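Build the full structure now, drawing on both the sequences and the hints.
Going down the list, the protein sequences come from chains A and B.
Residue numbers are given in numbering that gives the first Met the number 0: position 4 of the first sequence equals residue 3, and the series is strictly consecutive.
Residue numbers are given in numbering that gives the first Met the number 0: position 183 of the second sequence equals residue 182, and the series is strictly consecutive.
Source of the hints: derived by calculation from the structure; they are not laboratory data.
A few of these clues could be false.
No farther apart than 20 Å at their CA atoms in a straight line, the calculated lysine to aspartate or glutamate pairs in the DMTMM-like style are these [said to hold, decoys possible]:
1) Lys-66(B) / Glu-158(B)
2) Lys-319(A) / Glu-78(B)
3) Lys-222(B) / Asp-177(B)
4) Lys-1(A) / Glu-184(B)
Partial pick of chain A residues on the chain B-facing surface, computed with a CB cut under 10 Å [as the list claims (entries may be wrong)]:
5) Gln-11
6) Glu-253
7) Asp-394
The structure presented is a predicted model; accordingly, all values stated were derived computationally and were not measured.
Where a beta carbon is used, it is the ideal one built from N, C-alpha and C, also for glycine.
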Amino acid sequence: MKIIDTIRLSAQAISRYPLRTFMLVLAIAVGVAAVVLLTAIGEGARQYVNGQFTSLGTHLLIILPGKTETSGAGVTGVLMGETPRDLTLQDAIALHRSVHVEKVTPIILGSGTASWRQRQREITVIGTTAEMLDIQSWRIELGQFLPAVDMDVATPVCVIGSVVKNEFFGNTNPIGQWLRIGDTRCRINGTLAQAGRTGFLDSDELVILPVANAQQLFDAPGLFRILVQTTGPQVINQAKQDIIKITKSRHQGEEDITVVTQDAVLETFDSIFQMITLGLAGIASISLVVAGVLIMNVMLVAVSQRTQEIGVLKALGAQKHQILTLFLTEAMCLTGLGGLLGLVLGNGGVKLLSILTPELNFTAPIWAMAGSIGMATTSGLAFSIIPAWHAARLDPVSALAAR
Amino acid sequence: MIKLRGICRNFQVGDQIVTALNHVDLEIQHGEYISIMGPSGSGKSTLLNILGLLDRPTEGTYWLNKKDVSQLEERALAEQRQKNIGFIFQFFHLIPRLSARENVELPMLLAGKSANARRERSRDVLKSMGLDDRLNHRPDQLSGGERQRVAIGRAIVMEPAVLLADEPTGNLDSKSGDEVIQVIEQLNQEGISLIVVTHDPEIGKRADRHLTLHDGEVHHDTKKRL
Numbered sequence: 000m001k002i003i004d005t006i007r008l009s010a011q012a013i014s015r016y017p018l019r020t021f022m023l024v025l026a027i028a029v030g031v032a033a034v035v036l037l038t039a040i041g042e043g044a045r046q047y048v049n050g051q052f053t054s055l056g057t058h059l060l061i062i063l064p065g066k067t068e069t070s071g072a073g074v075t076g077v078l079m080g081e082t083p084r085d086l087t088l089q090d091a092i093a094l095h096r097s098v099h100v101e102k103v104t105p106i107i108l109g110s111g112t113a114s115w116r117q118r119q120r121e122i123t124v125i126g127t128t129a130e131m132l133d134i135q136s137w138r139i140e141l142g143q144f145l146p147a148v149d150m151d152v153a154t155p156v157c158v159i160g161s162v163v164k165n166e167f168f169g170n171t172n173p174i175g176q177w178l179r180i181g182d183t184r185c186r187i188n189g190t191l192a193q194a195g196r197t198g199f200l201d202s203d204e205l206v207i208l209p210v211a212n213a214q215q216l217f218d219a220p221g222l223f224r225i226l227v228q229t230t231g232p233q234v235i236n237q238a239k240q241d242i243i244k245i246t247k248s249r250h251q252g253e254e255d256i257t258v259v260t261q262d263a264v265l266e267t268f269d270s271i272f273q274m275i276t277l278g279l280a281g282i283a284s285i286s287l288v289v290a291g292v293l294i295m296n297v298m299l300v301a302v303s304q305r306t307q308e309i310g311v312l313k314a315l316g317a318q319k320h321q322i323l324t325l326f327l328t329e330a331m332c333l334t335g336l337g338g339l340l341g342l343v344l345g346n347g348g349v350k351l352l353s354i355l356t357p358e359l360n361f362t363a364p365i366w367a368m369a370g371s372i373g374m375a376t377t378s379g380l381a382f383s384i385i386p387a388w389h390a391a392r393l394d395p396v397s398a399l400a401a402r
Numbered sequence: 000m001i002k003l004r005g006i007c008r009n010f011q012v013g014d015q016i017v018t019a020l021n022h023v024d025l026e027i028q029h030g031e032y033i034s035i036m037g038p039s040g041s042g043k044s045t046l047l048n049i050l051g052l053l054d055r056p057t058e059g060t061y062w063l064n065k066k067d068v069s070q071l072e073e074r075a076l077a078e079q080r081q082k083n084i085g086f087i088f089q090f091f092h093l094i095p096r097l098s099a100r101e102n103v104e105l106p107m108l109l110a111g112k113s114a115n116a117r118r119e120r121s122r123d124v125l126k127s128m129g130l131d132d133r134l135n136h137r138p139d140q141l142s143g144g145e146r147q148r149v150a151i152g153r154a155i156v157m158e159p160a161v162l163l164a165d166e167p168t169g170n171l172d173s174k175s176g177d178e179v180i181q182v183i184e185q186l187n188q189e190g191i192s193l194i195v196v197t198h199d200p201e202i203g204k205r206a207d208r209h210l211t212l213h214d215g216e217v218h219h220d221t222k223k224r225l
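Here it is as structure tokens:
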């Protein structure tokens, strides 16, 4: 029997029972569409996080006080591996000694109550320098960013995020207004354009002060982070070594900082999201196994409905393997149709999601599409072997006599 | 052409063993026209199934074209059916979703014949059945007589040596029945061996040789003993 004839016979059988075919195709399509849609969402989230980190700059180093390590009994770190030494502004300034370092900006993070006239609001305060604007790729909407002065100079100015601006000032011009934060007052120098969350900060909700002012405000000399932008991505490792060496020499020979590269953070998130996507794909594939069981059911019914027909085929000289092939092909055609419909539905859903949330880029990965089709086909084949075998083994005499 | 010696066929029904055929000896020559008659349960259909290689004897030997086919495995049996045997049934057993032409082409399709060869042959066969204007009709668009003629076309499309008919007119009015009998008798004239199982003595009488079965044994055979 020729392959084309086998497929044609199966196709004719499929079109003979449109309702049955529709139901089965739908079940498989839903499974495939679920895989496509869920992996697209996972992929979208991964790419979003990726994009967020890249927007921070690819040649960025983050310096944290303290060394993440398991320390011995109270020799180096008295308090569970934590260092008693803070990162200071002088540490940050000293980093300029490395030739690989282009920009350095310290960060102090805290929260406080901001007030203007009668309005009050709890806000996140960040103390930093003029370099932060470039490093974070923030954009200025009104006025200017922090003045480019030395880190240790305290000037009573601030820059506010878009939400803070709207909450306090609405449509009036905030530039030059005096905002009270805790015990100090500062003049608003500029406002940031709305940007949403970038990295670990939501710039819309921030009030940005010069770092020296923030130190006074929080009465704490220690820095939360130092961000270092290297002269290029290729020198990132030399820069890291330099930073550790400089800081070590300033901290009595003790290496008590942690330097994190953007890549390391990115990789971690990347692998987390990849696992999530895989997990989603796995969960969605279960529906394909369920569809497989459905195929088995439907094919068993098909075999018992067509018992006489199988008897006739045998009387006409059909071999066992030909009948097996016929029923397997029928199941394959059904899963194939279901798979195609699933791809159409899934990708349609992805399109719809992209329209609804344009800030995320949803695309189903090729491996997920190929995998779900493969999974549907495998499960269709595996589950229709029993019914097809049942059909092939029928005794022609009793099959012909069946009602 | 066909030679049966000591053919028995037993069925297990519950704890009991029922004997459908009991030591049947039979010889059939090329081109013979035989009717097999007998009451219900006499073993007519079992004999026909064994002759048609759909069923295997419990005991005894069956030579088809001098070849012992009683011990063949399933694969070889299917091959023999395809080449040598044509079947027609009381309920036609056409595939409802296929056209008359596709039904006739089915054995050729199973044999792996090319589409062109199939088209040509199925058209010729249906034409000889007087169905040239019914090629693309599905069974439910055909009358009973027409359906049976399509089934005959399907049975002879591979040019078998033997045509086995199990109550071919049992489901037809007398006029269509007569037409069907005429068609198969015409085929017999052209050389095919024709074996008809029937209840109807009118049809049984038309054959050249009458075989009567009773309780699984050949009760009466109008052919002289060889």
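Consistency of the hints with the structure:
| no. | hint | in the structure |
| --- | --- | --- |
| 1 | Lys-66(B) / Glu-158(B) | holds (19 Å) |
| 2 | Lys-319(A) / Glu-78(B) | holds (11 Å) |
| 3 | Lys-222(B) / Asp-177(B) | violated (25 Å) |
| 4 | Lys-1(A) / Glu-184(B) | violated (34 Å) |
| 5 | Gln-11 | holds (5 Å) |
| 6 | Glu-253 | violated (84 Å) |
| 7 | Asp-394 | holds (8 Å) |
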